[in-house]
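Asker: These are the residues of each chain, in order.
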Amino acid sequence: MENTLLNTIHEKLLTKFGEAIISAEQSYDFPVFVIKTDSVFEVVKFLKEDPEMGFEFMTTLCGLHYPDNKGQELGVMYQLHNLPKNLRIRLKTFFPISDPKVQSMTPLFSSANWQERQEYDFYGIIFKGHPNLKRILNMDEMNYFPMRKEYPLEDGTRTDKDDKMFGR
Amino acid sequence: MEGKINIVPAPAGVEQPGFFATSLEKAVGLARKNSIWPLPFATSCCGIEFMALMASHYDLGRFGSERLSFSPRQADLLMVMGTIAKKMGPIVRQVYEQMAEPKWVLSMGACASSGGIFDTYSVLQGIDKIIPVDVYVPGCPPRPEQVIDGIMLIQDMIGKETFRRRHSPEYKDLMKNYGMESQ
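For the protein sequence lines, the chains are B and U, in the order given. Under our numbering, the residue at position 129 of the first sequence is numbered 129, and the numbers go up by one with no gaps. Here our numbering runs 168 ahead of the position in the second sequence, where the first position is 1.
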């Protein structure tokens with residue numbers, strides 16, 4: 001069942017978008033498609049508005065950071081849901097950390113507004129066309145993007161964790 | 169119940185039929201320590217434990233703290249309970265600054281006292297980085313008994329507080345350390 005879903009959507013996308021579809025694979029119960037950054041908005045629009053597709057609910061989106069993936073360090077993952085048929089798929093797109101820009105999904109899904117702000121907040125991904133792209137969870141004064149892998153998770157001002165006591 | 173009611177003992181003084189003499193400081197201390205108005209600043213699970221503390225089983229009302237003050241201007245004791253994110257820090261500080269002297273602070277639980285398990289960039293590593301703290305109650309979360317013990321320590325401090333302490337150079341220095349003016 002899932003594999004037919006993967007194949008049907010893959011064929012549909014290939015005929016419509018051709019080379020913009022980089023790869024398609026089954027990851028557990030999720031069909032996962034990797035899409036070129038320039039086309040991701042059009043692909044999501046098609047998946048939402050095409051009557052046969054009907055993925056009209058965006059469950060979530062999140063940022064990705066793979067520092068070893070040179071030239072494609074940052075990315076965004078989208079999860080779409082076809083509510084009447086209860087089908088779910090996942091889309092990914094990758095772009096270089098030097099130019100972290102991707103089209104905003106806010107014209108299609110209002111719920112993308114805060115989620116894109118969150119990914120901007122944590123990864124510094126610029127969503128083109130977002131109506132209000134500013135930090136949402138962290139302090140406005142914060143001057144870096146904390147979920148990028150080069151920044152330590154731990155807080156530098158912690159005084160009670162010392163190597164003598166914790167054997168690190 | 170056998171009708172046994174505990175009444176707070178009188179401070180040291182001179183007692184004769186018809187009068188009782190003690191120092192004003194002791195009388196005021198006695199009144200203050202048995203009528204603390206706490207301001208609950210509850211941000212997470214310690215706040216849930218605080219609800220148990222206020223409810224009938226543990227009943228902080230027995231210690232004169234029946235009345236919670238949700239306005240900092242009428243509160244005596246700031247109880248910070250739970251993780252304070254760095255974004256919340258300035259708010260805790262503002263609440264503290266709005267309280268009138270004399271004021272005390274109780275830090276409940278590991279997170280408020282030291283950041284607890286949240287050794288992370290977004291969490292304040294102990295509220296004593298931004299406001300002075302009188303009593304720390306450890307635990308994750310502490311049992312209500314522990315918090316009662318902490319409140320009793322605060323009561324002890326309040327009972328012994330001299331009128332001059334808040335005008336002392338030590339206190340002014342302490343406030344200066346935190347970048348605040350003492351009133």
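Where hints are given, some of them may not hold.
What the hints assert, rightly or not - Capping the alpha-carbon separation at 30 Å, the derived lysine-lysine pairs in DSS-like fashion look like this:
1) U:K254 x B:K149
2) B:K134 x U:K340
3) U:K254 x B:K134
4) B:K164 x U:K254
5) U:K297 x U:K340
6) B:K134 x U:K255
7) B:K161 x U:K254
8) U:K255 x B:K149
9) B:K164 x U:K297
10) B:K128 x U:K328
11) B:K70 x B:K149
12) U:K255 x B:K161
13) B:K161 x U:K344
14) B:K101 x U:K255
15) B:K164 x B:K36
16) B:K101 x U:K254
17) U:K255 x U:K194
18) B:K149 x U:K297
Unchecked claim - Negatives, chain B to chain U, calculated, CB over 10 Å:
19) Y28
20) F46
21) M53
22) G54
23) I126
24) P131
25) N138
26) P146
27) P152
28) E154
29) R158
30) K161
If you are wondering where the hints come from, they were derived from the structure by calculation, not from laboratory data. Ideal Cβ positions, reconstructed from N, Cα and C, are used throughout, including at glycine.
Asker: Hint numbers the structure violates, sorted upward?
Answerer: 2, 10, 15, 17, 25, 26, 27, 28, 29, 30
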